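Protein chains in written order, with our numbering: chain A, 421 to 803; chain B, 421 to 803.
Any given hint could turn out to be false.
Since the list can't tell identical chains apart, any single copy or any two copies may satisfy a pair.
As the list claims (entries may be wrong) - Result set (DMTMM-like, lysine to aspartate or glutamate): computed pairs, CA atoms no more than 25 Å apart in a straight line: (1) K440 to E668; (2) K646 to E523; (3) K726 to D736; (4) K646 to D535; (5) K694 to E643; (6) K690 to D439; (7) K779 to E460; (8) K577 to D780; (9) K726 to E523.
For the record, the hints were derived by calculation from the structure and aren't laboratory data.
Note that this is a predicted model, so its numbers are computed, not measured.
There are 2 protein chains.
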Amino acid sequence: MRDVSIIGIGQTAVAEHWDKSIRDLAVEAAQAARRDAGIERVDALYVGNMLSGELAGQENLATVIADAAGLLPVEAIKIEAACASGGAALRAAALGVAAGAHEYALVVGVEKMTDYLTDGVTAALAMAADADYEAGHGISFAALNAMLMRRYMHEHKARHEDFAPFSINSHRNAARNPFAMYRQEITAEDFAASPIVADPINILDSAGICDGAAALLIAPSAEARKTRRPPVRIAASAVATDTVALAERRDPLVWQSVADSARLAYAQAKLGPKDIDLFEVHDAFTIVSVLSLEACGFADRGSALKLAAEGRIGLDGDIPICTLGGLKGRGHPVGASGAYQIVEVVQQLRGEAGAAQVKDARVGMAQSVGGSGSVTVTHILQV
Amino acid sequence: MRDVSIIGIGQTAVAEHWDKSIRDLAVEAAQAARRDAGIERVDALYVGNMLSGELAGQENLATVIADAAGLLPVEAIKIEAACASGGAALRAAALGVAAGAHEYALVVGVEKMTDYLTDGVTAALAMAADADYEAGHGISFAALNAMLMRRYMHEHKARHEDFAPFSINSHRNAARNPFAMYRQEITAEDFAASPIVADPINILDSAGICDGAAALLIAPSAEARKTRRPPVRIAASAVATDTVALAERRDPLVWQSVADSARLAYAQAKLGPKDIDLFEVHDAFTIVSVLSLEACGFADRGSALKLAAEGRIGLDGDIPICTLGGLKGRGHPVGASGAYQIVEVVQQLRGEAGAAQVKDARVGMAQSVGGSGSVTVTHILQV
């Protein structure tokens, strides 16, 4: 298997893009990644997207993007793994390069959600849950996560305000990221006053609906060393799954697919949690950050809230998370978020994260979680 | 890159499965493929599907199937390339095995279409066309292909009845395939009397809406030789794209993605059209068979109808096509069809095609076409 590196990154601002279609966003990010790498050649396009069919009336999306980006007759496929689609697209593309089928593969994560009514989007997002056993009963994603949060608060005698530091951290970091959607810092008082979405989850626990695209150009590491930007090596790429329905889990507070995927990634990279300089967590809800940090070995069971309370998740903490805003602060264009996370880890490892730079970052981890922890993609990147 | 072979195949009957959900169908095919191979182990699941979100309200489909098939915590992703999704899933899985990331990868193509009203399905299928420039104007897939057929008849002075042999051939072969949906033979008179769908396309030009799943277990060829069934080698696997909108093509009767994908496949396999013993053509409409045979080098431009008229596409002809019924006769569960084609080529190369057996078949080609020729996946299999 050939070693693979990231040689170019591109992203659109995350926003309500009323004036741009899904293909416009994808093309903007794709061309930015090619310009960044100084490489025109693309041998294959892997698109990460969850909802183009439901929301934009467009399947065959990878070919639409290949066409719009001037990449024809390039190989093109779309990858769907719910909210983890962007990370999964990088995984599939990296395997293609590792196998020797492509020299330069382009990954584009893209989602356009704001053209639609909020309950339409909420219903579409619930397609990541089990259609027959969960969504069919009318439960939304916020409601599923609310049950997890409630259970966590019960088991660990936590209060809702204990989750505030996660949201505050994401917003603080987003304020330093020109591509982020929610660039205003928030306080514990703001968090406490935020309206409930699905009790106990409030607006500031939740990542927002938005539009955006992020892109990555990858190549064999041997080739990557000849390109203009410092290449960032993909030290690990791993996917694991768990039951789709929460009710099927032996213990809903153990996120097994997150733990399995992290374990596989650590083994591939020959690294452990202590070696990770920053961690792009899938903070779709604050409870997701908590369960992910525990499942990945950064905190013992029931103790991730303490990690945040002690300020250890900040840019100068021992495990900085959501360093450019995370899903909460940057925004969560679902199928694109996994690609944004990788772009942001690359920014950090290149030392190009500006005011949000983590000092001496050499190893970064990014993790995309689909459904309520039913599929997880973990990448470890290294310079 | 490791050489990869198919070691197990499974399929459900193609039908209106009122009593089975999309996950039931997928599990049935998956378990059949594992039984056929005599192998329990699965390291990764690649699902080919186009419309589970639109029609079944289910994204995150690969994890749903991994869960239902008892494969957790296996790596699982869904691949979408419109009507070519099944073929594209095999391509991605084969790259994963070739790279050394998986030893045993399972490919499942699945689609469930008959639970829905026909115009809902027609609208969903139109998502393979360009949402902004084609489908947004109300054009259906049958209508797009009708324009191609009309143009072909005009340029080559062909009559509609000249297309009948393709439909007759597919039905004749389907009658010998217990898994096929349309097992009745038809005559030229039936074809002539068939009601128009979109002039000049009639019902018997068109593949039907249906439900089904097909599965493939693949492994490195070195491992495959140790398994119980005769392994079938993937000699070539190639994807190419063309403009999504028909109006953007320089010449709509040249199916460039089909030609490009076949050219790449021939080069990988070091074979040409003369070496192909049977060809599973994507006969979603009779015109697609015609354009594909010409694009792949089996007939000169304007002469594929003659190939059929001379009986050369039958089981004992020099280029048998749709040997187990094709999309027309077996049925076309969209995202599953590409996987069915591969299953059928394997049946032929193993000598297990029963009354539809092509004599001395050693090399088979299968081709999945997405949209109106906008994305094409070609595989060449060999024993």
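Comparing the hints with the structure gives:
1. K440 to E668: between (41 Å within a copy, 21 Å between copies)
2. K646 to E523: within (13 Å within a copy, 32 Å between copies)
3. K726 to D736: within (16 Å within a copy, 74 Å between copies)
4. K646 to D535: neither (42 Å within a copy, 54 Å between copies)
5. K694 to E643: Answer is neither: 30 Å inside a copy and 38 Å across each miss the 25 Å cutoff.
6. K690 to D439: neither (45 Å within a copy, 48 Å between copies)
7. K779 to E460: Intra 32 Å, inter 48 Å, cutoff 25 Å: neither.
8. K577 to D780: Close neither inside one copy (37 Å) nor across copies (71 Å); limit 25 Å.
9. K726 to E523: Answer is neither: 45 Å inside a copy and 42 Å across each miss the 25 Å cutoff.
Hints 4, 5, 6, 7, 8 and 9 from the list above are not met by this structure, while the remaining hints are.
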